[in-house]
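Visitor: Each chain, letter by letter, is given below.
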Amino acid sequence: MEFFSEQLVGTVLAVIGAAFAFIIPGIGSSKAVGAAGQSAAGVLSEDPTKFVSVMVLEALPSTQAIYGFVIAFLIVGKIVVGEALDFGSGLILFLAGLPMGIVGYVSALWQGRVSISGINMVAKQGGGMIQGVILALMVEMFAILALIVSFQIIGKA
Amino acid sequence: MKESTDTRYVYTISRIRVIEQKMLSPAMLERMIEAGTPEEALKVLHDAGYGYAGEGYSVGDYERLLSEEQEKVYRLLMETVPDTREFDFLIIKNDYHNLKVCLKAEFSDQAVEDAYLLSPSLVPGKQLMDLLRERNFSGLPAPMAESAAESIEAFTKMQDPQVIDLILDKAHYGHMLMLSDGLGSEFVSKLVNALVDLTNLKMLLRAKLIKKPRGFLESLLIEGGSFDKEFYHKLFELGYDQIASACVDTEYYRLLTESINALKLSGSLAGFEKLCDNYLVDVLKTVKYAIFGIEPLVAYYLAKELEIKNVRIIMVGKINGLAQYAIRERLRETYV
Numbered sequence: 001m002e003f004f005s006e007q008l009v010g011t012v013l014a015v016i017g018a019a020f021a022f023i024i025p026g027i028g029s030s031k032a033v034g035a036a037g038q039s040a041a042g043v044l045s046e047d048p049t050k051f052v053s054v055m056v057l058e059a060l061p062s063t064q065a066i067y068g069f070v071i072a073f074l075i076v077g078k079i080v081v082g083e084a085l086d087f088g089s090g091l092i093l094f095l096a097g098l099p100m101g102i103v104g105y106v107s108a109l110w111q112g113r114v115s116i117s118g119i120n121m122v123a124k125q126g127g128g129m130i131q132g133v134i135l136a137l138m139v140e141m142f143a144i145l146a147l148i149v150s151f152q153i154i155g156k157a
Numbered sequence: 158m159k160e161s162t163d164t165r166y167v168y169t170i171s172r173i174r175v176i177e178q179k180m181l182s183p184a185m186l187e188r189m190i191e192a193g194t195p196e197e198a199l200k201v202l203h204d205a206g207y208g209y210a211g212e213g214y215s216v217g218d219y220e221r222l223l224s225e226e227q228e229k230v231y232r233l234l235m236e237t238v239p240d241t242r243e244f245d246f247l248i249i250k251n252d253y254h255n256l257k258v259c260l261k262a263e264f265s266d267q268a269v270e271d272a273y274l275l276s277p278s279l280v281p282g283k284q285l286m287d288l289l290r291e292r293n294f295s296g297l298p299a300p301m302a303e304s305a306a307e308s309i310e311a312f313t314k315m316q317d318p319q320v321i322d323l324i325l326d327k328a329h330y331g332h333m334l335m336l337s338d339g340l341g342s343e344f345v346s347k348l349v350n351a352l353v354d355l356t357n358l359k360m361l362l363r364a365k366l367i368k369k370p371r372g373f374l375e376s377l378l379i380e381g382g383s384f385d386k387e388f389y390h391k392l393f394e395l396g397y398d399q400i401a402s403a404c405v406d407t408e409y410y411r412l413l414t415e416s417i418n419a420l421k422l423s424g425s426l427a428g429f430e431k432l433c434d435n436y437l438v439d440v441l442k443t444v445k446y447a448i449f450g451i452e453p454l455v456a457y458y459l460a461k462e463l464e465i466k467n468v469r470i471i472m473v474g475k476i477n478g479l480a481q482y483a484i485r486e487r488l489r490e491t492y493v
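Read top to bottom, the protein sequences are chains V and Y.
Per the working numbering, the first sequence starts with residue 1, numbered consecutively.
Per the working numbering, the second sequence starts with residue 158, numbered consecutively.
Accuracy of the hints is not assured; some may be wrong.
[Said to hold, decoys possible] Here are some of the chain Y residues that sit facing chain V, going by a computed Cβ distance under 8 Å: (1) M158; (2) S161; (3) Y168; (4) T169; (5) I170; (6) R172; (7) V175; (8) Q178; (9) M180; (10) S182; (11) M185; (12) R188.
[Unchecked claim] Residues from chain Y that face chain V, not an exhaustive set, calculated with beta carbons under 8 Å: (13) R174; (14) M286; (15) L289; (16) N293; (17) I448.
For the record, the hints were derived by calculation from the structure and aren't laboratory data.
Each residue gets a CB set at the ideal place from its N, CA and C atoms; glycine is no exception.
Using the sequences plus the hints, can you model the full thing?
Guide: Here it is as structure tokens:
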């Protein structure tokens, strides 16, 4: 296979890293926001006045996919058309995708749980939105740390 | 207990979290007890959103109000969950009750009054009546059909309506165990096991109370649950005080100690039944904050059932002019 020449290995590795950094947190966020959305709809079926609170809580686990998108974007940005990436840089960029991919996925799922709990809390008491958001943001921190780590690794490529 | 991660029920759970706010709190029950007339007590229910909107309920048909309230809960589950069959185990007790009512009415040549048939049930009461009249059991779930045929046969042989109760009660618990096993939920298994255990313990205490022989107990005990029949026979031989201490390693130690004290004071099982309900409420409360799985839905349905039991105690008390303390004494703990 002429196309898959040795020179391209670095580039391919970088692309896989970028795909991983987005796909995995993307799946996590989709699941989490999906479940939280159903939960929010449950509350709204009975009490439509709580729309703002439950919407904010539902949206929180979507950030992991956004961070994954940023990392994927930065990795792809390192690839220049017509220039093959050397193997070492390719491997670093591939590894850069891992922290965001893995931590993003797990934190999205667990943040989803906290969001749903928060939505159920809002269902019980009107003023619980801020507390719910703060609790969910605790999980957000780990995704942010993963974002920074992935970002730093990209810088070394 | 293993926590469920099944996300199929999140919509219904969140919806229930809102509706749960309207459940009767101890303060509201107290208001009902302190009401001067049954009408005033009924008004508390009305304010709590009991029954279907726009229907006027009078004190005379409070039973209809209560059964419609339970139906409302069941209907909410049926409308919103992915697999409605999963809740069959909660309602088959009404089917078996209806079966008993229909068979006993038939054997004593009486017409079945609608008020005696309970809903929600798997087979609607009217349909059950028709099926039984035609002796057409193919429309019933298999365990029900078998037990119906068995009880008809036993009754024609022995002419004793009690055998109908015996056969159908056993069939009911067997059927419930079978249905709940399929759900694979630890909480539901624990709950159903507790129901079987508590029924068996009740039989045991009753048999002791009316001084029946060992063989009598044998015929009453239900298979399944946490203990084997040998265990109950061993307990049967013991004195009241030793029964509780023989159960020291089980979940029911505290329940038995308290209820045997009450039993010795009053000579009736009313205290035991109340403590059983309180025990069940405690089990239900363990999933009060769960966000996934079938558990919160089951807990809500049963919590509502216990709430309605409380309301019935108060309404019956009010209508019959019972003293407030006597009503309070009978009340069960509340879920909220």
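Visitor: Next, verify each hint and record whether it holds.
Guide: Okay, the hints, checked on the actual structure:
The interface hint given for M158 (chain Y) is broken, as the beta carbon of that residue sits about 17 Å from the closest beta carbon of chain V, more than 8 Å. Evaluation of the S161 (chain Y) hint against chain V yields a violated restraint, the C-beta minimum of about 12 Å exceeding 8 Å. Interface hint status for Y168 (chain Y): upheld, as the beta-carbon distance to the closest one in chain V is roughly 4 Å, under 8 Å. Given hint, T169 (chain Y) at the interface with chain V, holds; its Cβ is 6 Å from that chain's nearest Cβ, closer than 8 Å.
Given hint, I170 (chain Y) at the interface with chain V, holds; its Cβ is 7 Å from that chain's nearest Cβ, closer than 8 Å. The criterion of a C-beta within 8 Å of any C-beta in chain V is met by R172 (chain Y), whose closest approach is roughly 4 Å, and the hint holds. Because the closest C-beta pair between V175 (chain Y) and chain V is about 4 Å apart, less than 8 Å, the hint holds. A distance limit of 8 Å between C-beta atoms decides the matter here; for Q178 (chain Y) the minimum to chain V is near 6 Å, and the interface restraint holds.
Using the Cβ-Cβ criterion of 8 Å, the hint placing M180 (chain Y) at the interface with chain V is not satisfied: the shortest such distance is roughly 11 Å. For S182 (chain Y), the interface hint is violated, since its Cβ never comes within 8 Å of a Cβ in chain V; the closest pair sits about 13 Å apart. Here the hint on M185 (chain Y) is broken, as its CB sits about 17 Å from the closest CB of chain V, past 8 Å. The closest approach between the C-beta of R188 (chain Y) and any C-beta of chain V is roughly 22 Å, which is over the 8 Å cut-off, so the hint fails.
For R174 (chain Y), the interface hint holds, the least distance from its beta-carbon to any beta-carbon of chain V being 4 Å, beneath 8 Å. Checking M286 (chain Y) against chain V: minimum C-beta separation of about 36 Å lies over 8 Å; hint violated. The restraint placing L289 (chain Y) at the interface with chain V is violated, with a minimum CB-CB distance near 39 Å, outside the 8 Å limit. For N293 (chain Y), the shortest C-beta to C-beta distance to chain V is roughly 40 Å, which exceeds 8 Å, and the interface hint is violated.
Residue-level restraint check for I448 (chain Y) holds (minimum Cβ-Cβ distance to chain V is 5 Å; threshold 8 Å).
Checked against the numbered hints listed earlier, the structure breaks hints 1, 2, 9, 10, 11, 12, 14, 15 and 16; every other hint is satisfied.
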